[in-house]
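A.B. asks: So the sequence lines, in the order shown, correspond to chains A and B. Under the working numbering, the first residue of the first sequence is numbered 11, with each subsequent residue one higher. Under the working numbering, the first residue of the second sequence is numbered 17, with each subsequent residue one higher.
Check the hints yourself; a few may be wrong.
[Unchecked claim] Going by beta-carbon spacing under 10 Å, a handful of chain A positions derived as facing chain B:
id : residue
1  : ARG107
2  : GLY110
3  : GLY345
4  : GLU357
5  : GLU387
Hints listed in this document are in silico derivations from the structure and should not be mistaken for laboratory results. We put the beta carbon where it would ideally sit given N, CA and C, even for glycine.
As a plain string of letters, each chain reads:
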Amino acid sequence: MTNVTVLQETKQENGISQEVLLNLGPQHPSTHGVLRLILQLDGEIVKRTEPFIGYLHRGTEKLCEHFTYTQIFPLTDRLDYVCPPSNNLGFAMAVERLLGIEAPERSQYIRVIMTELARISGHLLIVGALPMDLGAMTVLLYVMREREMVMDLMEMISGARMHTSYIRIGGVREDLPEGAVERIREFCDILPKRLFDYERLVAKNRMFLQRTKDVGVIAPKDAIDMGLSGPNLRASGVDWDIRRDCPYEIYDRVEFNVITRETGDCYGRWICRIDEMRESVRIIEQCLEQMPDGLFQVDMPTIAFPVDKDQLACSMETHIHHFELSAYGFKVPKGEVYTAIEAPKGELGYYIISDGSEKPFRVKVRAPSFVNLQILEGKIGNMKYLADLIAVLGSLDPVIAEVDK
Amino acid sequence: MIVARPEFCDRIFQHFGDRIADGGAGIDMHSIEVGPEHVVELCRYLKDTPALSFDFLSDLCGVDFYPDSPRFQVVYHLYSLAHGHRLRLKCRLGDPPRAPTVTGVWATANWHERETFDMYGFVFDGHPNFKRIYMWDGFEGYPMRKDFPLRGYKDAYNPYGEEKGKA
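One chain only, chain A, in its complex shape:
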């Protein structure tokens, strides 16, 4: 062994026992991005974990203060890049509340469909990535097939596979294209069957169970104290979902169950996500059923870009509004607002202070992954070996772009 910091050396009957510091990451396949962990190890037993973050820090909040409200959307895309529509939605809702406007009904349905598709895409990734971290490569390769279907849908609807910037202040950028509803329905038919397959592939696999069951148990009290949210919190038995408890958009009009598990272990967090995808499918199906016709964007030329692009060529008024909107943005009344939505990773909050100008005075992003990752420093039961830590890290589903902002 070279270049190892030895903290403590004790002589034992069968040799020397050393307590060492080990550097895991920042570039390591099991850290899901550029996360660096300093581990204090006694052999294979983890004594202490300290995450070092910030390798992907881009200063999103600082940039927000220098951008107009519309320009910020691409920045929010890049927070949790696995599911951008959720990030867009949180920000759009915050600004809408400051403006005192509400998106048209149809656009609210489209938004919910998009965010639920994003949730499926995010959950699919981690449902495949956790077994991969533990050595079961197969599932990840298969989930990519369904994730690709979601990506195709995203591309069809918004024009971009990943950084969609589709949800805008006062609605969505464009209406659903022709044939999109059928394609989404088709996907909703396929996914539950595939989920059943994945569950069968891994959920009864003895090795997977041994690596995840009763490993990394987080007690509900500790989970709340550490600010865990989303599936990580619900897997510990805390029945809290912002979609149900303080409904936004049209979540109060659809029926769905909040998935909880009592175990609080890695397996619980994993299986919670599978069941959540089934609920997402239910939500999408209901949305498609209920979605009315109508506007997909508020009819306010100073806030939303013109719907009819041909108008730009012949209407001076439209042209002026478009120019003003692109070049200067629009003024947002003075005030402050905190909106929280249930993003795939947990509570995603935007705290915006407006000073009445075109640019926000302060934007604070309460990124769920940032808070969830903190539990690694907290109390986690039955996380003895280094291999357990990898399982716990995978099951927490952190997206480092969101952790580092």
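Based on the hints, put chain B in the right spot on chain A.
C.D. replies: This is chain B only, laid out in the frame that chain A set:
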């Protein structure tokens, strides 16, 4: 649309009297203003009183009102899982900004406070592991402050930054 003042506010004001001030109604939640000397006591009261039970610290962040005085503010967003209500606490701080830590009340404040220190230079007394979180050790200045240039300061790694001393 302004949210009506929640009933539990009376209870808090009854208990704390003039040590706290009403921050006014908001479009999302009610806010309470408090000085740094009473923050921990207030937080503990908010968490431990069964009728309030703000057991979830959603968010903690700093704000810079440069060039106003007092310049800084730390904002706490609280949520109660049992009752489903939210509350915002605001605490104005002078320069240099100092506040006591609330990690003793909610453990989740740990990283939030480190982030606030990293970005704004707020010192949280009594924090168990007080150091920068995003920026590296030895980084000078606090990037989120309003007088910190967007492009940073010029040095060997940042040729497009602003010259120091030039405002």
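A.B. asks: The structure should be examined with respect to each hint, and the outcome stated for every one.
C.D. replies: Going down the list of hints, with the structure as the test:
1. ARG107: With a minimum Cβ separation of about 6 Å from chain B (threshold 10 Å), the hint on ARG107 of chain A holds.
2. GLY110: 7 Å, holds
3. GLY345: 6 Å, holds
4. GLU357: Holds: closest Cβ of chain B sits about 6 Å from GLU357 of chain A, inside 10 Å.
5. GLU387: With a minimum Cβ separation of about 7 Å from chain B (threshold 10 Å), the hint on GLU387 of chain A holds.
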